[in-house]
Amino acid sequence: MYPSDLKYTKNHEFIKLLGDGTALVGITSYAQEALGDVVFVDLPEVGAKFEAGGEFGTVESVKTVSEIFMPSAGEVLEVNGDLETHPEFVNEDAFGKGWMLKVKLTGPLAADLLDAAAYETLVNEESH
Amino acid sequence: MSELKKTPLNAVHRALGAKMVDFGGWDMPVQYPSGIIAEHVAVRTKVGLFDVAHMGEIRVKGPQAMAFLDWLTPNAVVKLAHGQIHYTAFLYENGTFVDDLLLHKISDDEFLLVVNASNVDKDFAWVKQHAAKWDVTVANESGETTSVALQGPLSLAVLQPLMDIDLSQIKYYWFAFGKFQGLPVMIARTGYTGEDGFEVYCPNAKAVWVWNALMESGKPHGLIPTGLGCRNTLRLEAKMALYGHEIDDTTNALEADLGWIIKLQKGDFLGRDALLKVKEQGLTRKLAGFKMLEKRDIARDHMDVLIDGRKAGYVTSGSPSTTCGVNLGCCYVPVSHAGLGSRIEIEIRGKACPAEIVPTPFYKRAK
Chain X
1 MYPSDLKYTK
11 NHEFIKLLGD
21 GTALVGITSY
31 AQEALGDVVF
41 VDLPEVGAKF
51 EAGGEFGTVE
61 SVKTVSEIFM
71 PSAGEVLEVN
81 GDLETHPEFV
91 NEDAFGKGWM
101 LKVKLTGPLA
111 ADLLDAAAYE
121 TLVNEESH
Chain R
1 MSELKKTPLN
11 AVHRALGAKM
21 VDFGGWDMPV
31 QYPSGIIAEH
41 VAVRTKVGLF
51 DVAHMGEIRV
61 KGPQAMAFLD
71 WLTPNAVVKL
81 AHGQIHYTAF
91 LYENGTFVDD
101 LLLHKISDDE
111 FLLVVNASNV
121 DKDFAWVKQH
131 AAKWDVTVAN
141 ESGETTSVAL
151 QGPLSLAVLQ
161 PLMDIDLSQI
171 KYYWFAFGKF
181 QGLPVMIART
191 GYTGEDGFEV
201 YCPNAKAVWV
211 WNALMESGKP
221 HGLIPTGLGC
231 RNTLRLEAKM
241 ALYGHEIDDT
251 TNALEADLGW
261 IIKLQKGDFL
271 GRDALLKVKE
281 QGLTRKLAGF
291 KMLEKRDIAR
301 DHMDVLIDGR
311 KAGYVTSGSP
321 STTCGVNLGC
331 CYVPVSHAGL
341 GSRIEIEIRG
351 KACPAEIVPT
361 PFYKRAK
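Chains as they are written, first to last, in my numbering: chain X, 1 to 128; chain R, 1 to 367.
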């Protein structure tokens with residue numbers, strides 16, 4: 001159910017390693033479903049640096065707001081500017097056009113990231 | 001934690017793929033797969049169907065029913081005609097809220113009170129306790145009755161083909177008894193969305209059948225099931241109060257901007273003395289509507305209102321508004337800052353964000 005080429009956090013972010021020391025970061029399909037219709041995504045400036053677990057932004061839905069955290073230490077290379085006018089991309093395609101940041105990894109990959117199977121187990125536990 | 005209560009439509013919601021939440025002890029649909037925004041738009045432009053079976057129904061009957069309710073509640077019960085409804089409240093002696101409700105006058109000696117789900121037990125005890133001195137009987141029918149709310153400009157077109165009475169004859173805030181494909185029901189032209197619509201009251205055993213018949217009749221009109229998520233954004237745009245937010249046992253009816261249901265001239269009623277005193281002394285704070293001035297700022301329930309950098313009030317409800325295209329809300333502020341155009345700030349995650357007091361309701365349907 002969850003793409004096996006991604007890693008996941010317990011806070012429901014994903015990180016997609018691109019193989020050249022960079023990665024894409026966003027929130028999971030489970031997270032967007034829990035939030036409901038996303039109306040605004042607040043993202044950091046290019047060049048901002050974050051530790052693993054550092055808060056890098058917020059996602060506002062009609063119903064609620066949620067902080068989003070960096071899956072692994074990194075420096076922001078690019079933010080998804082499409083989300084400015086199309087925050088609903090997060091709902092429509094969380095792992096694809098709903099991506100939020102492209103980062104340069106600035107340290108070893110965080111040790112507590114989950115693979116797809118472990119993440120699915122976590123989600124199943126939370127939703128029951 | 002006790003087990004969540006379920007309406008007779010619970011399995012229907014689950015089959016429709018609804019996301020369910022605990023709402024005041026009830027397992028209720030907050031949204032269906034179409035999502036809050038699409039559901040909100042459906043009610044404003046076409047029609048949506050809500051399960052409101054969790055709402056409570058209290059029936060008051062007897063020779064003194066009218067006099068009793070006229071004393072128990074602040075609005076003028078004696079002015080209601082048979083088949084008419086008004087919005088009113090149960091007030092504590094100090095003028096704050098036990099609950100708000102819709103009062104339906106069936107006859108001089110029979111009234112149906114529709115109250116909030118989370119307050120049913122408290123309300124029933126409240127009415128019973130005060131009824132002791134009057135020649136009335138009070139019955140809690142909440143467990144037997146289902147109501148569904150058909151809301152939106154196309155509501156009449158969806159419901160009329162199923163009914164044996166002419167719905168166009170029922171005015172807003174009036175009700176009638178009729179047959180829904182042969183089943184005796186009560187139809188009230190009310191709702192909690194600021195839109196035209198009807199609430200259908202039927203026995204629990206017929207709830208699923210009524211729901212399915214409405215869904216079927218609504219198909220050509222774009223009817224979709226709508227959840228509590230959009231119910232909240234719709235009622236906020238119409239500035240309808242929500243117990244636990246705009247009103248509760250710490251807010252009095254005058255500061256809640258509900259002076260229009262407080263008929264101080266009608267004679268004695270529970271809470272009147274306190275409200276007279278409030279009126280005499282003048283309000284210190286008031287419920288006001290605001291909009292955020294920056295597109296990115298969204299106020300949420302319970303956030304602080306700041307004036308000159310100091311906490312001066314709080315947000316009772318805050319949300320993006322789908323219809324108005326701005327982020328808005330209601331808040332309690334000192335009367336000095338409750339006037340239209342007043343600038344306030346809302347503290348959002350540690351940041352003071354500018355807002356302006358604006359006219360309410362934020363949304364009003366064209367008549």
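Heads up, a few of these hints could be off.
Unchecked claim - Over 12 angstroms on every C-beta distance to chain X, these chain R residues come out as not near it, computed from the model:
{"hint": "1", "residue": "22"}
{"hint": "2", "residue": "33"}
{"hint": "3", "residue": "126"}
{"hint": "4", "residue": "167"}
{"hint": "5", "residue": "230"}
{"hint": "6", "residue": "268"}
{"hint": "7", "residue": "319"}
To be verified - Facing chain X, according to a computed beta carbon distance under 7 angstroms, are these residues of chain R, among others:
{"hint": "8", "residue": "35"}
{"hint": "9", "residue": "37"}
{"hint": "10", "residue": "41"}
{"hint": "11", "residue": "132"}
{"hint": "12", "residue": "298"}
{"hint": "13", "residue": "320"}
As the list claims (entries may be wrong) - Below, in silico cross-link-like pairs of lysine-lysine (PhoX-like), each with a Cα-Cα straight-line distance of 25 angstroms or less:
{"hint": "14", "chain 1": "X", "residue 1": "102", "chain 2": "X", "residue 2": "16"}
{"hint": "15", "chain 1": "X", "residue 1": "97", "chain 2": "R", "residue 2": "61"}
{"hint": "16", "chain 1": "R", "residue 1": "19", "chain 2": "R", "residue 2": "79"}
{"hint": "17", "chain 1": "R", "residue 1": "263", "chain 2": "R", "residue 2": "277"}
{"hint": "18", "chain 1": "R", "residue 1": "133", "chain 2": "X", "residue 2": "49"}
{"hint": "19", "chain 1": "R", "residue 1": "61", "chain 2": "R", "residue 2": "291"}
{"hint": "20", "chain 1": "R", "residue 1": "171", "chain 2": "R", "residue 2": "79"}
{"hint": "21", "chain 1": "R", "residue 1": "367", "chain 2": "R", "residue 2": "295"}
{"hint": "22", "chain 1": "R", "residue 1": "128", "chain 2": "X", "residue 2": "10"}
No lab work stands behind these hints, which were simulated from the structure alone.
For every residue, glycine included, the Cβ atom is placed at its ideal position computed from N, Cα and C.
Quick one: which hint numbers does this structure break? Sort them smallest to largest.
2, 5, 7, 10, 11, 15, 16, 18, 19, 21 and 22
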